[in-house]
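There are 2 protein chains.
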Amino acid sequence: MSLLVVGSVAFDAIETPFGKTDKIIGGAASFIALTASYFHKKVNLVAVVGGDFPKADIRMLEQHKIDVEGLQIKENEKTFFWSGKYHDNMNSRDTLITELNVLGTFDPIIPDSYQNCDYLMLGNLAPNVQSMVLHRLKKRPKLVVMDTMNFWMNIALDDLMETLKNIDVLSINDEEARQLSGEYSLVKAARKIMTFGPKFLIIKKGEHGALLFGEDKMFFAPALPLESVFDPTGAGDTFAGGFTGYLAKTDDISFENMKKAIIHGSAMASFCVEKFGTEALINLSDAQIEERISKFSELVQF
Amino acid sequence: MSLLVVGSVAFDAIETPFGKTDKIIGGAASFIALTASYFHKKVNLVAVVGGDFPKADIRMLEQHKIDVEGLQIKENEKTFFWSGKYHDNMNSRDTLITELNVLGTFDPIIPDSYQNCDYLMLGNLAPNVQSMVLHRLKKRPKLVVMDTMNFWMNIALDDLMETLKNIDVLSINDEEARQLSGEYSLVKAARKIMTFGPKFLIIKKGEHGALLFGEDKMFFAPALPLESVFDPTGAGDTFAGGFTGYLAKTDDISFENMKKAIIHGSAMASFCVEKFGTEALINLSDAQIEERISKFSELVQF
Numbered sequence: 073m074s075l076l077v078v079g080s081v082a083f084d085a086i087e088t089p090f091g092k093t094d095k096i097i098g099g100a101a102s103f104i105a106l107t108a109s110y111f112h113k114k115v116n117l118v119a120v121v122g123g124d125f126p127k128a129d130i131r132m133l134e135q136h137k138i139d140v141e142g143l144q145i146k147e148n149e150k151t152f153f154w155s156g157k158y159h160d161n162m163n164s165r166d167t168l169i170t171e172l173n174v175l176g177t178f179d180p181i182i183p184d185s186y187q188n189c190d191y192l193m194l195g196n197l198a199p200n201v202q203s204m205v206l207h208r209l210k211k212r213p214k215l216v217v218m219d220t221m222n223f224w225m226n227i228a229l230d231d232l233m234e235t236l237k238n239i240d241v242l243s244i245n246d247e248e249a250r251q252l253s254g255e256y257s258l259v260k261a262a263r264k265i266m267t268f269g270p271k272f273l274i275i276k277k278g279e280h281g282a283l284l285f286g287e288d289k290m291f292f293a294p295a296l297p298l299e300s301v302f303d304p305t306g307a308g309d310t311f312a313g314g315f316t317g318y319l320a321k322t323d324d325i326s327f328e329n330m331k332k333a334i335i336h337g338s339a340m341a342s343f344c345v346e347k348f349g350t351e352a353l354i355n356l357s358d359a360q361i362e363e364r365i366s367k368f369s370e371l372v373q374f
Numbered sequence: 073m074s075l076l077v078v079g080s081v082a083f084d085a086i087e088t089p090f091g092k093t094d095k096i097i098g099g100a101a102s103f104i105a106l107t108a109s110y111f112h113k114k115v116n117l118v119a120v121v122g123g124d125f126p127k128a129d130i131r132m133l134e135q136h137k138i139d140v141e142g143l144q145i146k147e148n149e150k151t152f153f154w155s156g157k158y159h160d161n162m163n164s165r166d167t168l169i170t171e172l173n174v175l176g177t178f179d180p181i182i183p184d185s186y187q188n189c190d191y192l193m194l195g196n197l198a199p200n201v202q203s204m205v206l207h208r209l210k211k212r213p214k215l216v217v218m219d220t221m222n223f224w225m226n227i228a229l230d231d232l233m234e235t236l237k238n239i240d241v242l243s244i245n246d247e248e249a250r251q252l253s254g255e256y257s258l259v260k261a262a263r264k265i266m267t268f269g270p271k272f273l274i275i276k277k278g279e280h281g282a283l284l285f286g287e288d289k290m291f292f293a294p295a296l297p298l299e300s301v302f303d304p305t306g307a308g309d310t311f312a313g314g315f316t317g318y319l320a321k322t323d324d325i326s327f328e329n330m331k332k333a334i335i336h337g338s339a340m341a342s343f344c345v346e347k348f349g350t351e352a353l354i355n356l357s358d359a360q361i362e363e364r365i366s367k368f369s370e371l372v373q374f
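For the record, the sequence lines run as chains A and B. In terms of this note's numbering, the first sequence opens at residue 73 and continues consecutively. In terms of this note's numbering, the second sequence opens at residue 73 and continues consecutively.
Misleading hints may appear alongside valid ones.
Repeated chains share a single entry, so a pair holds when one copy, or any two copies, can fit it.
[Said to hold, decoys possible] With a cut-off of at most 27 Å between alpha-carbon atoms, the simulated BS3-like pairs for lysine-lysine come out as follows: (1) Lys211 x Lys260; (2) Lys95 x Lys367; (3) Lys367 x Lys289; (4) Lys137 x Lys237; (5) Lys260 x Lys347; (6) Lys146 x Lys321; (7) Lys237 x Lys95; (8) Lys321 x Lys92; (9) Lys331 x Lys150; (10) Lys157 x Lys211; (11) Lys367 x Lys146.
Keep in mind that the hints were calculated from the coordinates and are not lab data.
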């Protein structure tokens, strides 16, 4: 059951009240693929970087058994770069720099060996690029999960609505769900968004957890209350990586199994925020992951 | 296992995007006692109203088997009155009017028949009045639960800290927990607040649910995602009423049973916000309550 991850592989420079980083590996697809690799050993990556992207970071992805045949390297161009600074409470941030670089002309080429993928995770990208990936796959995957953000709702809503028609699971945050639906109640927002195409909707609420809607059912997973959140960058993508990685591993797309996938995503996101960038996702043991997941059981079981 | 509820019985006038009310019955103790009455038939009330308080509302409390011997009626004075207007998203409100009236000189007299209570719920009141109740009880109750608010942290912090030394469970919201502890992380805030006296801490997060801390354990209950929130007034008190009513009924103050009490509190709060004021709490059937509680199981079980 191969999992194809498409999205950005980037440089991030992050400042939080706890410190700041130079350019480190970031981007939706990095977080998603790394996280999924803990559950599934057939993660294929389609992304683009510039010649400035460190070979050591690519080796790190390979060491996690991520197939990088689909990672395009534009030797004479620069990697997508994002820099942001978090405010004291970590719930809001300012974007300091966005340099699209290679991402501005990203043409998502699917290697032949990636065809026939069973699970597709479309990380946050321009919706027309996400659609292009779907059109280039000769066989419709068993499950298509997609992430997006308010930026695309503002500047490419028509493209976004078109892409939504062809996916199965949409993952967005609460404010984006409200914007996309025009409904304040998340229950009403979910019902409306599911008429746009997705059969399932995940609404991420950051430190307040995540909701899953579908098949007239609703499931809620809290975020694990933590002593300290060090850096929230990539938490949503890590969540998506845990969700899709677990589904690909178990190859079961029932609502009941999606609940478990949500818990796996939440557990992985709780690791992510404890260190800068992808740092916490590099060397996790199965035992650590199991322990974190059992904390979720304790937290909600009554 | 008698439950003593002490707090305000008041007039509220509420305006929300969905409508507005004239003066209707409100006040922490009204919500708490009404809600607790669904679980427990020995709810005793200590509160004060003026001669303007409708006899019909007192009869309504009695019809719920609430003992009103401790409800003082100051014939020549006026009932505490609060008026507020909610903003569009229901997460914030402006207080339009606060007339303390009889509450400004409230002397919480405990009828003899209320002595030997097993469970005490101190609704939001001046902390020195809450302490007075504790001092006037000849026997220390098995469990003392207390609610308070940021207002008292601002103007009567010393009194509040003194009262906290003598209670078992404190119920406050997330912003209040942060203010009282000086810690942003709710995990750190909880640890610190429990050094002030309470052995258990409930942190209410409104539409984002509630956390219970104690015995080095942590439990989380979501709020039920609703189609529409009609009026949030009294939701926190309703929660406290469900929590204490369930504990008094089951007479089990273990952490495990407190989890169930939290779920009962959350379920009752989800009814409360569906109508104005106490309206949704007047005529609930056991079947409706059971159904709502089973929705919580479905929502979090994986």
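Hint-by-hint comparison with the structure:
1. Lys211 x Lys260: neither (33 Å within a copy, 50 Å between copies)
2. Lys95 x Lys367: Classified as neither: same-chain Cα gap 33 Å, cross-chain 46 Å, threshold 27 Å.
3. Lys367 x Lys289: Classified as both: same-chain Cα gap 24 Å, cross-chain 10 Å, threshold 27 Å.
4. Lys137 x Lys237: For Lys137 and Lys237, neither the intra-copy (32 Å) nor the inter-copy (56 Å) Cα distance is at most 27 Å.
5. Lys260 x Lys347: between (36 Å within a copy, 18 Å between copies)
6. Lys146 x Lys321: Cα proximity of Lys146 and Lys321: none, with 32 Å in one copy and 69 Å across.
7. Lys237 x Lys95: neither (37 Å within a copy, 50 Å between copies)
8. Lys321 x Lys92: Neither: 35 Å inside a chain and 53 Å across chains, both beyond 27 Å.
9. Lys331 x Lys150: Neither, since 39 Å and 53 Å both go past 27 Å.
10. Lys157 x Lys211: neither (42 Å within a copy, 55 Å between copies)
11. Lys367 x Lys146: neither (43 Å within a copy, 52 Å between copies)
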